[in-house]
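There are 4 protein chains.
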Amino acid sequence: MSAPKKVVLAYSGGLDTSIILKWLQTEYGCEVVTFTADLGQGEELEPARAKAEMLGISPDNIFIEDLREEFVRDFVFPMFRANALYEGLYLLGTSIARPLISKRLIEIAAETGADAIAHGATGKGNDQVRFELAAYALNPDIQVIAPWREWALSSRTKLLDFAEQNQIPIAKDKRGEAPFSVDANLLHTSSEGKELEDPAKDAPDYVYQRTVHPEDAPDTPEFIEVTFERGDAVAINGEAMSPATILTALNEYGGKHGIGRLDLVEGRFVGMKSRGIYETPGGTILLEAHRGIEQITLDRGAAHLKDQIMPQYAEMIYNGFWFSPEREMLQALIDKSQEHVTGTVRLKLYKGLARTVGRWSEHSLYSEAHVTFEDDAGAYDQKDAAGFIKLNALRLRLLAARNRRLK
Amino acid sequence: MSAPKKVVLAYSGGLDTSIILKWLQTEYGCEVVTFTADLGQGEELEPARAKAEMLGISPDNIFIEDLREEFVRDFVFPMFRANALYEGLYLLGTSIARPLISKRLIEIAAETGADAIAHGATGKGNDQVRFELAAYALNPDIQVIAPWREWALSSRTKLLDFAEQNQIPIAKDKRGEAPFSVDANLLHTSSEGKELEDPAKDAPDYVYQRTVHPEDAPDTPEFIEVTFERGDAVAINGEAMSPATILTALNEYGGKHGIGRLDLVEGRFVGMKSRGIYETPGGTILLEAHRGIEQITLDRGAAHLKDQIMPQYAEMIYNGFWFSPEREMLQALIDKSQEHVTGTVRLKLYKGLARTVGRWSEHSLYSEAHVTFEDDAGAYDQKDAAGFIKLNALRLRLLAARNRRLK
Amino acid sequence: MSAPKKVVLAYSGGLDTSIILKWLQTEYGCEVVTFTADLGQGEELEPARAKAEMLGISPDNIFIEDLREEFVRDFVFPMFRANALYEGLYLLGTSIARPLISKRLIEIAAETGADAIAHGATGKGNDQVRFELAAYALNPDIQVIAPWREWALSSRTKLLDFAEQNQIPIAKDKRGEAPFSVDANLLHTSSEGKELEDPAKDAPDYVYQRTVHPEDAPDTPEFIEVTFERGDAVAINGEAMSPATILTALNEYGGKHGIGRLDLVEGRFVGMKSRGIYETPGGTILLEAHRGIEQITLDRGAAHLKDQIMPQYAEMIYNGFWFSPEREMLQALIDKSQEHVTGTVRLKLYKGLARTVGRWSEHSLYSEAHVTFEDDAGAYDQKDAAGFIKLNALRLRLLAARNRRLK
Amino acid sequence: MSAPKKVVLAYSGGLDTSIILKWLQTEYGCEVVTFTADLGQGEELEPARAKAEMLGISPDNIFIEDLREEFVRDFVFPMFRANALYEGLYLLGTSIARPLISKRLIEIAAETGADAIAHGATGKGNDQVRFELAAYALNPDIQVIAPWREWALSSRTKLLDFAEQNQIPIAKDKRGEAPFSVDANLLHTSSEGKELEDPAKDAPDYVYQRTVHPEDAPDTPEFIEVTFERGDAVAINGEAMSPATILTALNEYGGKHGIGRLDLVEGRFVGMKSRGIYETPGGTILLEAHRGIEQITLDRGAAHLKDQIMPQYAEMIYNGFWFSPEREMLQALIDKSQEHVTGTVRLKLYKGLARTVGRWSEHSLYSEAHVTFEDDAGAYDQKDAAGFIKLNALRLRLLAARNRRLK
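Chains as they are written, first to last, in the numbering used here: chain A, 236 to 642; chain B, 236 to 642; chain C, 236 to 642; chain D, 236 to 642.
It cannot be assumed that every hint is accurate.
One copy or any two copies: either way a pair holds, since identical chains are not told apart in the list.
[To be verified] 27 Å max Cα-Cα, derived DSS-like pairs, lysine-lysine:
1. K257 / K240
2. K491 / K436
3. K436 / K409
4. K491 / K240
5. K571 / K642
6. K618 / K257
7. K338 / K571
8. K618 / K241
9. K241 / K393
10. K618 / K429
11. K393 / K429
Calculated from the structure, these hints are not laboratory results.
Construct the complete structure from the given sequences, taking the supplied hints into account.
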C-alpha cells in the first residue's frame, strides 16, 4: 500500500475529526478534502467550513451537503419497507447512515482525483466496518485510512496535546471527557460508552436528548394518520410531504410523546457486546404504522416470507453489507411485496407508546364478507374447513400411527 | 365414518357448549363426557359441573381440571423461550392454549373409552384447526365432531329455539347478541367479531377487559425485577414463584399499568384476514424481560439463528402444528440455546409500556474489558479490525472490479 | 355454486379426458371447450382435434396450441435459475407445467365466455391443487370442476362402461389396466402408481421411456459446452438456440447417455408419501451446468442466500403456488442474482452422469491472482487473516471464558 | 502476546511440518509437542514418530493417535444426518476433519501444560480459520501460531534452504514442486492449486487418487444395501460395522465404481474463489442412501425444515464454526429429526453413479393404502381435497379480486 496523495475525510468540524485532518496532513503529507454532510444530526454545517479553511483546506476541497432527502428516500425508507429490527429491537439508525456517507466519499474521491478516504470511527466498533465495506464495494482500489486504528494518540491527553501543538482550537467543554459518546441523524440518536458501560445500571435521564421523558409527555393522547404509497410514508393527517419532511414531522410527534427510547445490549459484528441508548422517535411510529398498513394490504404468504428474511436483512445492514448482492437481492424481494402497500393508518400516541388503532385502504385484502360472524351470504363454506383440516392432518396421523405401531 | 358412541366434549358450561352437548346427545344418541379446564380464564368451574349434571351427564363423565401450571410450564414458557410473535406483533395467547385442551381431550377419551371428541369452534376460525390437528397428531383414529360445521343451527334465533326446546337455561344477558366474541386464558384475552369487524374504526374502550386504559394507569412508573433460569421466569423482585403464579403476578403488574394491548389485523390459516383486540399484560412484560436477559447471556450467533427461525415457529403454533415434528425440532434448537439464559432484568412499567432498563447475570457475556472506550489493557487489539474488514471486503472488491471491467 | 354453463376442459384426446368431456356434457348439460397443449409430451395433437369434433365439440371451441417455447422460457428457465430441487432431488418436471396449463385455461375461458374450467387430475394427487390454485389466483370467480372428485365412476369397469354407453372409442391397449401412470412434457417424464407402489422394489426397466439404461449408453464419454446469459442457457457447443430448442437438444444428449433417472419417494402436499420414477435428461444436465457457471460468476453471499431460500421456492412450486406473491417475491430475488450469470460450462456426459469439468466467463469472479499458491504480487496479504480470525473468534472466546468461569 | 513456551504442533511427519517444527524451536526457543493423527488419510504414522525424535522431540512429547472411529462417529455421521452440501455440491470432507484435530491439540496442550498450538495451514485458505476458531472456542486463552502467516520463508527455495540448514531430510520427490496440493482423510481427498488453478481446464486424470475413472469401472452394476439406525449407517448388506469400518467399506465400493468425483469452484470464507477436485467415494454413496431412507421414514414437515436450514449448517462447518452455539443448536434440531430414520436402502453403483432403487423400514411412513391408484378402502376421502384446495386458494382469490378491482 503506497502512501496516499489525496484523502477525502468524513469531517464533522468537531475536535476529533479536526485532529484527524491535521494528522493526515502531518503523517502522510497528503492533500485533504473534507466532506461534511447534513443527515439531520441537528448541527450547523457552516462552522465546519470555517474550521476546515482555518486548518488550511482550500475552498475547492471543502464539500458540504444536505443529504437528508437522499438519506430518507434511498436508505431509511427502503429499510422500513422490511420492518427491519436488529436483534428484535434496534431500528438501525446508525447503521443505515454509514453507506450513504461512504457513497459520497467515494464519489467525491472520483471527482477530486483522491486515492484515499478517511473516517473517524474507532477500531472497536461497527462503524469502521460499515464505512469500509461500503467504500470497497463502490471502489475496489480505494485506500481507506482509519486513524484510530493507526495512530499513537492512545489517550485523551495525547489527543489534546496534539491539538494544541497543531493550533486546533479546543472548545472548553471538550477539555474534560464527555460522559458518553453520541451519534445522531434524522432517524435516531444513539448514546454509548463510559457512563453507560454497566448494563445493569439505569441510563441517567440526561442521556436522552431527543425525546421527553414519558412522565413529562402530554397527559392527553394524540391521534395521527399516516398515509403510505407502495410501502413508503407520503402524508401525515392528509398532508403530503417529502421523505425527509415526513420523518422530521414524525420525530416531532414522537419526541413530544416520549416515543422511541430503547436501552439495548447488542452483539457487535466485531465480536463483543455493547450497550446503547437509542432514541428513534419518528422511526418507532413509522414501523408501527407500516406494520399497520401491511396488515390489511399485504397477503399472508408475502408477509410471512418478509418476516422470515427480515432478521438476515437487518443483520446485513447492521454488519455493513448495504452495498452487497445479498442485500440487493433481499431488497428486490421486499420491494416486490410493497406494490399494494398503500393506505392510511391511524395511531394513538401517548406516554412513550405509538399504537395502531385503525387502518383503511383501497388496496385492502380484508373481507368483512368472509370473516363476519354474521351470515356471509355464501362467501365462505364452513364445510371446506373439514377437508382442509383432514388433509393438513394426514401426515400427522400417519406419523402417530407409525409411532403407535412401534411401541 | 361411523357414528360416534361416546364423545368427550370441551365444555365451558356456557350456553353454546351446552347446546352442543344436547345436540350431540340428540343428533348421535351418544354418551357425552364433558371436560372443563381452568386455563386461567377467570371463571368459576363448578357451575359447569352443575350444569353438566343438569344436562344428564353422569358424574363419572364430568372432568374438571386446573391446568394452569401445566399450561404455563409446558406450553407458554417453551414458546416464550423463542420470543415468538406472529406477524411481528401477536403473542399467540389463544393459539398456545388449544393443543393442551386437545391433549387432555384425547387422554380422557382413552381413559373413558370414548371414540370421538367435540369442540365448539366455528368453521371460519383457526381454533378448529388447532384443536383437530393436535387431536389427530395424538390419536390418528380419533373422530372429531365440530358441530358448528355440521348442524343447521345457522342463526342466533335457531340456537335459542333449540336451547328452549331442550330445557337449556339461557342467562338473560345471552338473549341479545354479544357485541363481540371473547376468549381468555392466563396468557391473554382476545376479542373479535361484530362491533370490531371494521378495522378502520377504533375499538371501543369497553372491549378492554383486563388492562386499565393507559390514561387511567398510575402516574408514577413502577420498577420490577424478573429473574430467569435457563430461559424461564422464576422470580419477581427476588421472590421465587411457580410458572402460573409468576404469569398471574405479571398479569397484575401489566393490567395495572395498561400494558399489552394490541389491535391487530392478522392472516388466518384458513385464508381470510381478521381483526382482533388482544390483551396480554403479563406476556408483554415477559417477552420484554426475556429479550433483556438474552441480550447479555445469549451469544450473537445463537441469538440471530433464533430470530431467524422464530417467524416459522410462531406460524406453526398459530396454524395449530404444536404437536408436529417440525415444531419439536425447532423447540430442540430453541431449548438448546437457553442453557445459560439465566439472570435478572429490571423493567420500568408505565402507562402501557414495559421497558428493560437494566440486566445482570453470572452468565453474562458482556465484557466491559472489551467494549470500553477507556484503555482495555490489551483485551482487544484494534489492528485486528483491519484484517477483519479486509477479508470481509474481499469478495465485494472482486465484484466491484468485475463490474467495472465489464462497463 | 350454480351449475356451469360453459366449461374449458384440459383435454389430451385420451380415453380419460374424453370420458370427462362426455360426462361434463351429460352431467351439467353444459357447453364444452377443449384445450390441448403441446408442452413437449411427444404426442401428436391433431388426433385430439378429430376426437373432440367426434364428441360434438364445435371447431370454434377447440383450442390446440404449441406452448413449448413459453413453457421453457417463462416457467422452466426461471425455475432453473434457482437450482430448484424438491426434497433435495426432484426437478419438479410435472409441477412446473401445471400453472401454464391453468393460465391458458383461464385465458380461453375469458375469450370464450366460459364460467368454469375442468381438469382430469385425481383427488389424491398434487396436480389438482396446482391446477386449481393457479386458476383461482388468475380468476377468483372461476368455477373449477374436478370430475375425479365428483363422479361415481369409481372403478375401471365403470369408466369403460360409461365410455361404451357414450360411444367413446376405446383403444385396445386401454382395455386392460396400464401398469403405471405416466405424465410427460419437455422437461420430464414421470411414472407412478400400481406396479411402482412398493418403494422397496426396483422399478422394472420398461418403466424408463426417455433415457437409455446407463449400461446401454455409449462407452465413450461425450463433452458438451453450454453457454448461459443472465442465468439462462442460450447455446450448446457455441450454437445459439431458443429455449425449447435448447432443452430439446439437452434431452437428446441426456437420453442418449442415460442421464437424469430418479427413483423417489416424496411427500405430497395432500399429506401422503408417494413413489415416482422420474426421467429428466436435459434438466439434469441443465442444473449441473447452471451450478457450474454460477460457481465462477455468482458472489458467495448471493449464492448462499439463493441456496438458503431454494427449498422454500421449490416447495412453493411443488405445492402449486406458482402464481402467488411469495413465489414472485422469491423470483425477484433470484432474478436479481442472475445479472452476471453469463459464460460457458464444459460438461462430461457418461453412463448416467453429467459432470462439470470446466467453466469460463467474461463475468468471472475467480481471481487466480488471489488464490494462487504462487507469489501473488501483493493481491492478498496473509496477515489480514490473523485479524479476520481473531474477530470472528472473539464471541467464541467470550463464550468459552464464560462457560469456564461457571464450572 | 508473550512468547510461547511450549507448543503443540499438528505434525504430519512431512517436509513442511518438519520445517515448522524446527522453525518453532529456533524462532521461539520453545518446547515442541507433536501431534499426529490417523484420520484415515492412508499414510503410516510411525515414520512421523521417528522423524519427530530425529528432530529432537522427547518421546513424552510425541502423540500419535488413531482417531478414525471418533472422526466418523462424532463428526462425519452427525454432519451426514443433515445431508450437508456446501454450495449445493461439496461434501465438506476437509472442513469436518479440522475441528477434531483442534480438539485434540487443545486437549494435549492441557495435558502437557502447553500454552500454544501451531498448524501448517496457509494464510489464504479456510483451514487456518477452522483450526483457530475451534481452538479458541475450546480454550479462549490458547495462543495459536500459524507459521505460514508469520515467517519469511516465502518461496520454495527459501524453504528448502531452511530445511538443509537445519538438517531436515528432503525426500527426492519433494525437491521439485508438487503439481498440486493434496489433503486426505477417511471421508475424502481434495486436490487444489497450481496445475488446477485454471477453472476452465479439465483436471488431468492423474489428479484423481482414490476413485477409478468411471470409464475403467466395472461394466456391470453392483447393488448394495445400507442399513441405518437413527440416521447413522450401521450395516452394509446386513453386516453390522463400526462407523469407521462402514465408511471404509463404502469408500471401497465407491472407489471401485468411480463414484464421488467433484470438480468445484467454491467461495472461500476468506473471500476469494478457489477450485478444488474432490473425491468422496463413500460419502457420496452415504448421502444418497441417507436421503433414500429419509424418504420413507421422515415426515414431510421435518424433511422440509431440515432442507431449509441445511445450507446454513453446511456454511457453518465450511467456515469453521463447528464448536459454536449455532451449529450445536442446528445439530439439536437435526438429531431430533432422526429418531425414526431407521431402515435399509438398496443402491445401484455403476460408472460413477450411486442411485437409490429401493428402501424399506419398520419405521416407514409410506402408506400404500393412502396412495394407491386402486380402491383404498376409505383410507382417503377425495372430497377432502376440495375443501383443502378451497381454503388454500382463499387468500389468492382475495388477492386476485383486489387486483382486479383496482384495475
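Can you name, in rising order, the numbers of the hints this structure does not satisfy? Structure breaks hint 4 only.
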